[in-house]
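K.L.:
Use the sequences and the hints to build the structure in full.
Going by the numbering used here, the sequence shown opens with residue 1, and the numbers climb by one from there.
None of these hints come from the bench; they were simulated from the model.
Pairs of lysine-lysine residues, derived as BS3-like cross-links and limited to a Cα-Cα distance of at most 27 Å, are as follows:
no., residue 1, residue 2
1, Lys91, Lys159
2, Lys20, Lys91
3, Lys128, Lys44
4, Lys44, Lys95
5, Lys91, Lys25
6, Lys26, Lys91
7, Lys129, Lys44
8, Lys25, Lys44
Owing to the predicted nature of the structure, the values given are computational and were not obtained by experimental measurement.
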Amino acid sequence: MSSFLTIFIFTYHHGMRIEKITHNKKRYLDLLLLADEQEDMIDKYLEPGDMFALYDDDLKSVCVVVAIDDETCELKNIATYERYQGRGYGKALVKFVTEHYSDQFTTMLVGTGDIPSILSFYESCGFKKSHVVANFFVDHYDHPMFEDGIQLVDMVYLKKRIDRITIG
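P.N.:
Spelled out as structure tokens, the structure:
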């Protein structure tokens, strides 16, 4: 049985490049754990999801997108190494995936903790609050999780229209 590695490389602006990762996704686990600190939760979406890595000389950010249904996909994980945060890499990756999936889906969801700085980031990328899943982090994680000194309890979902009519 022969196996081969398919690499999809998208040249992005200002020398950035984005690669679709199709094999050995776990090699990025250290970065994925920055956004979702429980490995068994990552395992639920990593293989069925599409993974992208953003490089600007070296690796800066990764994300995973999963199809929910025929019209909706979800950005399940996006993480940028801490030393590169605040430099636009996460925003560039969000812009890329919303454009990349605009031919396949009409809506992209993202779920996150109720943390003002994170909600502000997604809102700056064009997402709007959609709904809340009460006690998500308490019910699905094996330990209390904190972000910016705040315990995560509820999952806040945001959504964005991504079809060509709204972005093009």
